[in-house]
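Q: Each protein sequence line maps, in turn, to chains A and B.
Quick note: to get our numbering, add 21 to the position in the first sequence (first position is 1).
Quick note: to get our numbering, add 8 to the position in the second sequence (first position is 1).
Because the hints were derived from the structure by calculation, they are not lab data.
Note that the coordinates shown come from a computational prediction; the quantities given were computed from them, not determined experimentally.
Treat the hints loosely; a few may be bogus.
[What the hints assert, rightly or not] For lysine-lysine, the following DSSO-like pairs were computed, each having C-alpha atoms within a straight-line distance of at most 30 angstroms:
1. A/K120 - A/K87
2. B/K43 - A/K317
3. B/K104 - A/K68
4. B/K76 - A/K172
5. A/K60 - A/K35
6. B/K108 - A/K69
7. A/K231 - A/K190
8. A/K155 - B/K104
9. A/K272 - A/K231
10. A/K60 - B/K19
11. B/K108 - A/K68
12. B/K43 - A/K68
13. A/K213 - A/K304
14. B/K19 - B/K142
15. B/K43 - A/K120
16. A/K87 - A/K304
17. B/K79 - A/K69
18. A/K190 - B/K161
19. B/K14 - B/K104
20. A/K155 - B/K161
21. A/K68 - B/K19
22. B/K104 - A/K172
23. B/K43 - A/K172
24. A/K213 - A/K190
25. A/K120 - B/K76
26. A/K288 - A/K155
27. A/K172 - B/K79
[Said to hold, decoys possible] Derived CB-CB ranges, DEER-like:
28. B/F66 - A/E264: 55 to 63 angstroms
29. A/E264 - B/S49: 44 to 52 angstroms
30. B/E124 - A/N224: 49 to 57 angstroms
31. A/I225 - B/I34: 31 to 39 angstroms
32. B/N111 - A/F78: 32 to 40 angstroms
33. B/R51 - A/E61: 55 to 63 angstroms
34. A/S88 - B/L48: 35 to 43 angstroms
35. A/R269 - B/K14: 49 to 57 angstroms
36. B/R63 - A/L275: 43 to 51 angstroms
37. B/R37 - A/K60: 36 to 44 angstroms
38. A/D118 - B/S27: 27 to 35 angstroms
39. A/G93 - B/K19: 57 to 65 angstroms
40. B/R37 - A/S91: 39 to 47 angstroms
All residues carry an ideal CB built from backbone N, CA and C; glycine is no exception.
The primary structure of each chain is shown beneath.
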Amino acid sequence: MDSVGKEFFERRYKQIGGDIAPLELPQVLRVNTLRITAKELIPRLEKKGVQLKRLSFTRNGFEVIKSPFSLGAITESLLGYYYIQEAAAQIPVEVLDPKPGEIVLDCCAAPGGKTTQAAAAMQNQGTIIAYDLKEHRIPSLLMNLERCGIKNTTVFQGDVVQAGRLGLKFDKILLDAPCSGNYLSEPGWFDKRDEQGIESSVNIQRRLLKSALDFLAQGGTLVYSICSLEPEEGELNMQWAIEHLPIRLAKVNLQIGDSGLTNIFGKSLHPDVANCRRFWPQKTMTQGFFIAKMVKL
Amino acid sequence: MNSSNKPTLKKFLAQFGMSVEVPATILGRSHFIVKERALLSHRPLFSGELVAHERGDFLIPSVDLLQKIGKGARHKVTVNAHGEWLFICGRDVFAKSIVKHTNPVTEDRVAILNEEGECIGYGQVTAPLDTPGKRPVIARIFDLGDLLRRERKSKKVKDDKGNS
Chain A
22 MDSVGKEFFE RRYKQIGGDI APLELPQVLR VNTLRITAKE LIPRLEKKGV QLKRLSFTRN
82 GFEVIKSPFS LGAITESLLG YYYIQEAAAQ IPVEVLDPKP GEIVLDCCAA PGGKTTQAAA
142 AMQNQGTIIA YDLKEHRIPS LLMNLERCGI KNTTVFQGDV VQAGRLGLKF DKILLDAPCS
202 GNYLSEPGWF DKRDEQGIES SVNIQRRLLK SALDFLAQGG TLVYSICSLE PEEGELNMQW
262 AIEHLPIRLA KVNLQIGDSG LTNIFGKSLH PDVANCRRFW PQKTMTQGFF IAKMVKL
Chain B
9 MNSSNKPTLK KFLAQFGMSV EVPATILGRS HFIVKERALL SHRPLFSGEL VAHERGDFLI
69 PSVDLLQKIG KGARHKVTVN AHGEWLFICG RDVFAKSIVK HTNPVTEDRV AILNEEGECI
129 GYGQVTAPLD TPGKRPVIAR IFDLGDLLRR ERKSKKVKDD KGNS
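Here chain A stands alone, though its shape is the one from the complex (with noise of 0.2 angstroms):
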């Protein structure tokens, strides 16, 4: 049996409980409250044409209805009023919930939504430790960092891995882990992703988590994302932790997504599982999405 092509996810979705459906996303843009207050762009926007209707599940997201204009050359955007970010992706932020004051790392960082979304949640204050592995990604994180005015955040290219040099204990750990994507977030997607290249995300996510572990205090919290559907990534990495780290998984309280699934493919997982949320594109109208929030023991 092929483990690619769009019929061989479709089967492995509907075994748990999922489906494929074609959709088109709208764009959602996010409210830089360093710069602005969502009562003082919205009708700067309108007066250009621009309409917007805020997102229920978001603190600052807004859906782009209507735009005569590419919003991402404007003369808003450039001062960094809004960012333009995917509906899910401003989640796992929210889910952190940084503060100011606390020491913040995040893991995989550009091209800097959720690090400028975190500077904004902490006000500029406290400190930010953005790491990227990967040299091509930096640049559109800097200038995000400056385009959003972000000044609590300090950034370094390469492995988070090597964060354990800074002597630093986080408050808390923002994980957006290099994934396989999912079929809306790349045209032919189907065609590019096998159970190799999961099982090659997995082994990174892993990695990458157990070491973000060690630079969290005891009794800080991990938020760990991701844009993949696939349960290797999502759920299964989630039983590996139980088993193997310092953790237990709390409650992400969210009214949009799915619990996370106890039952994949026959095995059954820990309780604690279910605490995580899943994101099927249609049932949330965002792109594929999970999380799971975890407290260091």
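Got chain A; can you put chain B on it based on the hints?
A: Below, chain B without anything else, positioned relative to chain A:
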């Protein structure tokens, strides 16, 4: 360029009639006001508040410094929405776009503001600001759109994390 010829923030701001000492630290080719000094030995790429970038023999301001220039510059010129759009696309300023100014004269360096009072860049006056016609009156030196052009120039990011 040897270190004595390096552009300094003091000189850069002086061209706008601003006399400000900025305690900046240089990381690579960018100037920052660093809070976490203990991290500097680990060679970060970015730390704290970005102030400016070096580009050849010149400095270009960060978005935040540009706003400070907009407030503190001796000469300011406010342009209408059409002029604003052209300017952030890299074009010069024409007399018909100007809605307000502080009476700069030829060769003065001026901050360019939009009608919201935000600084969108700066330029140099090349002709009296009431000169009608097809000739620009302010030559653009730097505009906010530089941010996008800089990013586009850098290696195109192939995002393997979706559009997050």
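Q: Taking each numbered hint in turn, which are not upheld by the structure, reported in ascending numerical order?
A: Of the numbered hints given earlier, those the structure breaks are 1, 5, 8, 10, 12, 14, 18, 19, 21, 22, 24, 26, 29, 32, 33, 38, 39 and 40, listed in rising order.
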